[in-house]
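J.: With the hints as constraints, model all of the structure from the sequences given.
Protein chains: 2
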Amino acid sequence: MRTVVPFAAGDPKTRLADVLSSAERSAFARTMLSDVLGSVRAAGGDPTILSTAPVDADAPVTVDDRSLSTAVNAVLGEADGPVAVVMADLGLASPAALERLYATGGDVVAAPGRGGGTNALVVRHPEFCVDYHGVSFRDHRRCARDLGAAFSVVDSHRLATDIDERADLAELLLHGEGDASAWLRDAGFELVATDGRVTVTR
Amino acid sequence: MRTVVPFAAGDPKTRLADVLSSAERSAFARTMLSDVLGSVRAAGGDPTILSTAPVDADAPVTVDDRSLSTAVNAVLGEADGPVAVVMADLGLASPAALERLYATGGDVVAAPGRGGGTNALVVRHPEFCVDYHGVSFRDHRRCARDLGAAFSVVDSHRLATDIDERADLAELLLHGEGDASAWLRDAGFELVATDGRVTVTR
Chain D
1 MRTVVPFAAG DPKTRLADVL SSAERSAFAR TMLSDVLGSV RAAGGDPTIL
51 STAPVDADAP VTVDDRSLST AVNAVLGEAD GPVAVVMADL GLASPAALER
101 LYATGGDVVA APGRGGGTNA LVVRHPEFCV DYHGVSFRDH RRCARDLGAA
151 FSVVDSHRLA TDIDERADLA ELLLHGEGDA SAWLRDAGFE LVATDGRVTV
201 TR
Chain X
1 MRTVVPFAAG DPKTRLADVL SSAERSAFAR TMLSDVLGSV RAAGGDPTIL
51 STAPVDADAP VTVDDRSLST AVNAVLGEAD GPVAVVMADL GLASPAALER
101 LYATGGDVVA APGRGGGTNA LVVRHPEFCV DYHGVSFRDH RRCARDLGAA
151 FSVVDSHRLA TDIDERADLA ELLLHGEGDA SAWLRDAGFE LVATDGRVTV
201 TR
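One line per chain: the protein sequences are D and X, in this order. Position 121 of the first sequence, counting from 1, maps to 121 under our numbering, and the rest follow consecutively. Position 113 of the second sequence, counting from 1, maps to 113 under our numbering, and the rest follow consecutively.
Keep in mind that the hints were calculated from the coordinates and are not lab data. Note that this is a predicted model, so its numbers are computed, not measured. Don't take each hint at face value.
Here are the simulated distance ranges between beta carbons [to be verified]:
no.	chain 1	residue 1	chain 2	residue 2	range
1	D	Glu-127	X	Gly-77	52 to 60 angstroms
2	D	Val-63	X	Arg-41	47 to 55 angstroms
3	D	Asp-146	X	Asp-80	50 to 58 angstroms
4	D	Ser-152	X	Ala-187	27 to 35 angstroms
5	X	Ala-103	D	Gly-188	34 to 42 angstroms
6	D	Pro-95	X	Ala-103	17 to 25 angstroms
7	D	Arg-185	X	Thr-194	26 to 34 angstroms
8	D	Ala-74	X	Gly-134	46 to 54 angstroms
Straight-line alpha carbon distances no greater than 25 angstroms define the calculated DMTMM-like cross-link-like pairs of lysine to aspartate or glutamate that follow [as the list claims (entries may be wrong)]:
no.	chain 1	residue 1	chain 2	residue 2
9	X	Lys-13	X	Glu-190
10	X	Lys-13	D	Glu-165
11	X	Lys-13	D	Asp-195
12	X	Lys-13	X	Glu-165
13	X	Lys-13	X	Asp-65
Built from N, CA and C at the ideal position, the CB exists for glycine as well.
T.: Put into structure tokens, the structure is as follows:
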């Protein structure tokens, strides 16, 4: 399936600025992008990168510096078949999780991100538009309903876990199977047990 | 499948004390317990509650005031067949998610909780013991490997989401299908979009 991987090329992952320098955040974001591209291909997808600026990566790149929603909707508007949209910061996205995404029926298939986001989508309805602002999962569900489109959900911890904040790095250390978790280990990150949820130190 | 649902009856959900009174936390925890019991039954499971103190609920109750790990291991030690262990605070545990848990093959099947926990287990190996302290998912994986037991993972956002902290309430409002999400709405909670992940206000 054609799979668009949006990528924010400039100053990525700002919510990780307390633990990673700007150069490190760039390198880490590109490593996650590379992992996602590999998982998309291993799951039978055909990835293209939708980037805010030119980026050197192992897939065709379309540069569109408009907002994420506008850029994705431009792709959807020109598509003549199903299109998947898979975020570049899904450091846990395994081939098996993406196979489930592709295999789930429905006019619109969504994998919720933790905190109301929409981390992965399959769009098979010509009129569906994305809006990643705000509580996007709720808005996408509502929009599908308003269109009379069948809406399905993929229940996946791997796809729900976008790597945005320090606590997310613990998920990557625990469950990561790609280069991004190795990158974190090489950068000196390790798990720390607390009274509540596990976190990381460096 | 026989399914043990551990429940902490005294002063539950202390990490929600900033948004719920002690009496409210008790009521909320019991509502989640009831939802979990309903989902277990709907998925074909046979639930029993393993509680730290007597509790009035719609399933047989075994009272064991020892530590969670000790109490669960006592149950596993007496079992003569597969046993599932499903935490009582999985407010998003749907019948479909639990059906996936039950249907997954392996001597030990685990659904990771966010932050290194083990939110649901199926144990089919006579020597496997739980240890919920620390990074339990990693420890359970290691223990299964040491026993030569086949270890499988259920990749589920619903099962990964134990409701412990304020941010978790947003997941329940977004994705909940049982009485606990209705309880939260009745208590005045609603979603609030932020620059990052969605949170809740009351």
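J.: Next, verify each hint and record whether it holds.
T.: For each hint, the structure was consulted:
Between Glu-127 (chain D) and Gly-77 (chain X) the CB atoms are about 58 angstroms apart, so this pair conforms to the stated range of 52 to 60 angstroms. Between Val-63 (chain D) and Arg-41 (chain X), the C-beta spacing of about 53 angstroms keeps the proposed range 47 to 55 angstroms intact. Look at Asp-146 (chain D) against Asp-80 (chain X): about 53 angstroms separates their beta carbons, and that is inside 50 to 58 angstroms. Distance hint check: the CB atoms of Ser-152 (chain D) and Ala-187 (chain X) are about 30 angstroms apart, consistent with the given range 27 to 35 angstroms.
Taking 34 to 42 angstroms as the suggested C-beta distance range, the pair Ala-103 (chain X) and Gly-188 (chain D) conforms, at roughly 40 angstroms. Between Pro-95 (chain D) and Ala-103 (chain X) the Cβ separation comes to about 20 angstroms, which falls inside the hinted range of 17 to 25 angstroms. Taking the beta carbon of each, Arg-185 (chain D) and Thr-194 (chain X) are about 31 angstroms apart, inside 26 to 34 angstroms as hinted. For the hinted restraint 46 to 54 angstroms between Ala-74 (chain D) and Gly-134 (chain X), the CB-CB distance of approximately 48 angstroms keeps it satisfied.
Pair hint Lys-13 (chain X) plus Glu-190 (chain X) holds up; C-alpha atoms about 19 angstroms apart against a cutoff of 25 angstroms. For the suggested pair Lys-13 (chain X) and Glu-165 (chain D), the alpha carbons sit about 24 angstroms apart, so the restraint of at most 25 angstroms is met. A hinted pair counts as satisfied when its Cα atoms are at most 25 angstroms apart, and Lys-13 (chain X) with Asp-195 (chain D) qualifies at roughly 13 angstroms. At roughly 8 angstroms between alpha-carbon atoms, Lys-13 (chain X) and Glu-165 (chain X) fall within 25 angstroms of each other, so this suggested pair holds.
Our distance criterion of 25 angstroms between C-alpha atoms is met by Lys-13 (chain X) and Asp-65 (chain X), whose separation comes to about 17 angstroms.
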